[in-house]
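Chemist: Put chain B on the given structure of chain A with help from the hints.
Protein chains in written order, with this note's numbering: chain A, 1 to 283; chain B, 1001 to 1172.
Don't read these hints as lab results, they were simulated from the structure. Fair warning: this is a prediction, and the values are worked out from it, not measured in the lab. For every residue, glycine included, the Cβ atom is placed at its ideal position computed from N, Cα and C. You can take every hint at face value.
Selected chain B positions facing chain A (Cβ under 7 Å, derived; list incomplete):
no.	residue
1	Phe-1022
2	Glu-1031
3	Val-1051
4	Ser-1052
5	Leu-1055
6	Phe-1059
7	Leu-1067
8	Asn-1070
9	Ala-1072
10	Gly-1073
11	Ala-1076
12	Ser-1077
13	Ala-1135
14	Tyr-1140
15	Asn-1143
When the alpha-carbon atoms are kept at most 27 Å apart in a straight line, the in silico DSS-like pairs for lysine-lysine are as follows:
no.	chain 1	residue 1	chain 2	residue 2
16	A	Lys-191	B	Lys-1139
17	A	Lys-128	A	Lys-59
18	A	Lys-111	A	Lys-269
19	A	Lys-131	A	Lys-59
20	A	Lys-237	B	Lys-1139
21	A	Lys-209	A	Lys-178
22	A	Lys-30	B	Lys-1139
23	A	Lys-191	A	Lys-237
24	B	Lys-1091	B	Lys-1167
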Amino acid sequence: MSQLFGILYRIRHFFMFLFLQIACFYLISKNSVYWDVTFFNTTNTAVAKSLKISQNVRKFMNLGKVNDQLAAENKKLREELSKSHELVALKEIGYKPDSMMAGRFNFLVAKVISSTENLTDNYITLDKGTKDGIKPGMGVICPQGIVGQVMSCNENFSRVSSILHSNFQVSSEILGKKLRKEEVTALGIGKWGGTNPRIMELTTVDRFKPVSKGDSVVTSMQNSIFPPKIMIGRISKISASPSEAFFDINVRLSTDFSSLVYVYVVNNKLIDKQSQVEAKPVN
Amino acid sequence: MNSQSLFKIIGTIALYLFLQVFIVRNLVFFEVAFCFVYISIILFLPSSTPVSAVLLIAFLAGLSVDLFYNTAGLHASASLLLAFLRSYIIKVLFPTKGLETELVISLEGMGMERFIRYIIILTFIHHLYLFFLEAGSLKYFLNTSLKVVASVMFTSVVTFLLHVYFKSLQNS
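The following block holds chain A by itself, in its conformation from the complex:
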């Protein structure tokens, strides 16, 4: 008996190691559940405060870049304005845009206080929370393109799972000269490949559609969390094996995740009504 205790005493460090290691794996498994983020993330207020300080320094150094971004966005807004004036002409063919539907998206400006881009699952922390009307599930975009989706928030901070996340998918549409000429739409599902933070994969695009390198990829009309025609990126590589019905497309993302400062959180006012209709079984 005393020998047994002797052995147990000699490997006591191993038991301690095992116990702490189990605690670690409990935390790891708990953190990977999509909605259940409690204490150990950057929405934790004390951590978020100190990250905010370090981000403030970086914000100051990025001021020039931010100015460029704002200027570029203003330019884009002007273009959009002129386009929407032209859209009025569409009414003549019989489609009446509903003003409630057309104006269902509104935007909230938020500041990025921490972000990662090199892990398998990447997250971004924002400095706005439920107090400002952010709810889990909302989309997030930035002047250059889409960013991700809000996954959890508390009063003052929210955590966004970026498109560089192994579970993230976005319904996308390809815009190109040939497609417009032949009047076909090419829809696909965008998903991050997991290695390069600048490249996304686009799947389920029919290989008989006239898609070419350099075409832009935007969010499709069939999206409930993102407004349509938000830039995702440009096609950098197309390949198709003869035995398959779909293209393998690589998209170069337009969003630069390493220099995100301001983002827009998208609020779809009609999302509850839409999911209400979609949830009803068809008989």
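Modeler: Chain B only, in chain A's frame:
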């Protein structure tokens, strides 16, 4: 262990954690080379520290790094493994026949060659475990291996230089 050396250890831990969280966290080369300089906390604890204390320090240090990296338990788990293997690796690398606690883990105490070997082996174990645990599978084996190799080089160099620098600050 007197109170003075205890304060010194606590100061070192705080310093390395600060460096890791506020400065080195932003340094990533070519999207593959990361620097986890906080492992110096475990690497350079005096060899007379009891193993249970090393484990506890590693767990807490790893957990505080996790808070800032948004990866609950990941760094804690890796640094625990490092802390557990440390005493065995010291025994294998420097067979001193029961005088392990006399060994001084520093450049002067070990000599250049043995000291560098010690840093690289421990860093490699830590990074290998960390990156493959983070990837969660062998799906991106090549990419993860590249990250491991690049990061081991980066971290080892930074660890070595910081150690030498802090030692020279103390001596002057």
